[in-house]
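Residue numbers (the working numbering), protein chains in the order written: chain Z, 201 to 312; chain E, 20 to 139.
Just so you know, the hints here were simulated from the structure itself, not pulled from any lab data. Careful: at least some of the hints might be erroneous.
[To be verified] Here are the computed lysine-lysine pairs in the DSSO-like style, where the Cα-Cα straight-line distance is at most 30 Å:
#, chain 1, residue 1, chain 2, residue 2
1, Z, Lys244, Z, Lys231
2, Z, Lys251, Z, Lys236
3, Z, Lys231, E, Lys31
4, Z, Lys236, E, Lys32
5, Z, Lys244, Z, Lys224
6, E, Lys32, E, Lys119
7, E, Lys32, Z, Lys231
8, Z, Lys224, E, Lys38
9, E, Lys32, Z, Lys224
10, Z, Lys231, E, Lys119
11, Z, Lys231, E, Lys38
12, E, Lys38, Z, Lys312
13, Z, Lys231, Z, Lys312
14, Z, Lys236, E, Lys63
15, Z, Lys231, Z, Lys251
16, E, Lys31, Z, Lys224
17, Z, Lys236, E, Lys31
18, E, Lys63, Z, Lys244
19, Z, Lys224, Z, Lys236
20, E, Lys32, E, Lys63
21, E, Lys31, E, Lys63
22, Z, Lys312, Z, Lys236
23, Z, Lys236, E, Lys38
24, E, Lys38, E, Lys119
25, Z, Lys251, Z, Lys224
26, E, Lys119, Z, Lys236
27, E, Lys38, E, Lys63
28, E, Lys38, Z, Lys244
29, Z, Lys312, Z, Lys251
Chain by chain, the residues run as shown.
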Amino acid sequence: DIVMTQSPDSLAVSLGERATINCKSSQSILKSSNNKNYLAWFQKNPGQPPKLLISWASARESGVPDRFSGSGSGTDFTLTISSLQAEDVAVYYCQQYYSPITFGQGTRLEIK
Amino acid sequence: QVQLVQSGAEVKKPGASVKVSCRASGYIFTDYSMHWVRQAPGQKLEWMGWTNAGNGNTEYSQGFQGRVTFTRDTSASTAYMELSSLRSEDMAIYYCVRGKDRTSWIFDYWGQGTLVTVSS
C-alpha cells in the first residue's frame with residue numbers, strides 16, 4: 201500500500217499568519233493517463249467527521265474559504281492556509297485515492 | 020441536504036460480530052458509491068472498502084478480507100457494514116462515507132461515526 205507521511209505532526213501558528221502542512225507519498229500518485237494527482241485534504245474537528253477541503257491535489261471544494269489551497273505533484277504535496285483564522289484549529293489529513301485508499305497520520309494545527 | 024445517519028454505539032465481546040447501519044437521505048442512494056472508514060484511538064484513518072453504486076459490487080481492503088461484509092437495502096437507502104471475529108484492535112469509530120459519484124473514491128459526505136467497543 202502507498203504510505204502517506206505528513207509533516208509536521210503538530211503546528212502552532214499565529215492568527216493571520218500562514219500555515220503550511222506537508223504530505224509525502226511513498227510512490228507517485230500522479231496518473232499519467234489523465235495527468236491528475238489522486239490526493240485529497242480533510243479537516244477534522246473533535247467529535248466531528250472529517251470535512252473534504254481539496255481533491256485532485258488543488259481543487260477546492262465548494263464553500264471552502266479561498267485561504268485554503270493545495271499544491272504539489274507526484275509524491276510531494278502541501279496544504280496552505282494563507283491567513284489563519286481561529287476556526288481553522290483542527291487536525292488535517294491528506295489522503296491518496298490512487299489505489300487503494302490510505303491516509304496520512306494527521307497534523308494538529310493550533311493557535312500560537 | 021445530504022445526510023448519512025449511522026446506528027448507535029456498540030459494545031461487543033471478543034470473537035463477536037457487529038453490524039453498523041448507515042441511512043442515507045437527501046440524494047439518490049444508488050447514484051453514489053459508499054465507503055467505510057474507521058479510526059482506532061491514536062491511529063490513522065483506515066479505509067475498509069467500498070460498494071460501487073452502479074453495479075452493487077463490493078471491494079474489501081486486504082486487511083479486512085474474510086472478516087467484513089458490506090450489504091445494502093436500496094429500498095431503504097441504507098448501507099450496512101458487518102465485521103466479525105472482533106478483537107481488541109477493532110475498537111474504533113466506524114464511518115460510512117459517500118463517494119462523489121457511482122465509482123468515485125473522493126469522499127464528500129461522512130456519517131457521524133459509530134463507536135464500537137470490544138471488551139470482555
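Each hint tested on the structure:
1. Lys244(Z) <-> Lys231(Z): Given pair Lys244(Z), Lys231(Z) holds - Cα atoms ~27 Å apart, limit 30 Å.
2. Lys251(Z) <-> Lys236(Z): holds (21 Å)
3. Lys231(Z) <-> Lys31(E): With a Cα-Cα distance of about 42 Å, the restraint between Lys231(Z) and Lys31(E) is violated, given a limit of 30 Å.
4. Lys236(Z) <-> Lys32(E): violated (44 Å)
5. Lys244(Z) <-> Lys224(Z): holds (19 Å)
6. Lys32(E) <-> Lys119(E): violated (36 Å)
7. Lys32(E) <-> Lys231(Z): Violated: Lys32(E) and Lys231(Z) sit about 44 Å apart, past 30 Å.
8. Lys224(Z) <-> Lys38(E): violated (35 Å)
9. Lys32(E) <-> Lys224(Z): With a Cα-Cα distance of about 38 Å, the restraint between Lys32(E) and Lys224(Z) is violated, given a limit of 30 Å.
10. Lys231(Z) <-> Lys119(E): holds (19 Å)
11. Lys231(Z) <-> Lys38(E): Violated, at about 36 Å.
12. Lys38(E) <-> Lys312(Z): violated (43 Å)
13. Lys231(Z) <-> Lys312(Z): The given pair, whose Cα atoms are some 38 Å apart, is violated under the 30 Å limit.
14. Lys236(Z) <-> Lys63(E): holds (25 Å)
15. Lys231(Z) <-> Lys251(Z): holds (25 Å)
16. Lys31(E) <-> Lys224(Z): Not satisfied, since the Cα-Cα distance of roughly 37 Å exceeds 30 Å.
17. Lys236(Z) <-> Lys31(E): Measuring from Cα to Cα gives roughly 43 Å; hence the hint is violated.
18. Lys63(E) <-> Lys244(Z): holds (12 Å)
19. Lys224(Z) <-> Lys236(Z): Distance of about 16 Å is within 30 Å: holds.
20. Lys32(E) <-> Lys63(E): Cα-Cα ~24 Å, so holds.
21. Lys31(E) <-> Lys63(E): At roughly 22 Å apart (the allowed maximum being 30 Å), Lys63(E) and Lys31(E) satisfy the hint.
22. Lys312(Z) <-> Lys236(Z): violated (35 Å)
23. Lys236(Z) <-> Lys38(E): With Cα atoms ~36 Å apart, Lys236(Z) and Lys38(E) exceed 30 Å; violated.
24. Lys38(E) <-> Lys119(E): Holds, because 25 Å separates the two Cα atoms, which is no more than 30 Å.
25. Lys251(Z) <-> Lys224(Z): holds (20 Å)
26. Lys119(E) <-> Lys236(Z): holds (16 Å)
27. Lys38(E) <-> Lys63(E): Within the cut-off at roughly 22 Å; holds.
28. Lys38(E) <-> Lys244(Z): holds (25 Å)
29. Lys312(Z) <-> Lys251(Z): Given that 30 Å is the threshold and the Cα spacing comes to 23 Å, the pair holds.
Of the numbered hints listed earlier, those contradicted by the structure are 3, 4, 6, 7, 8, 9, 11, 12, 13, 16, 17, 22 and 23.
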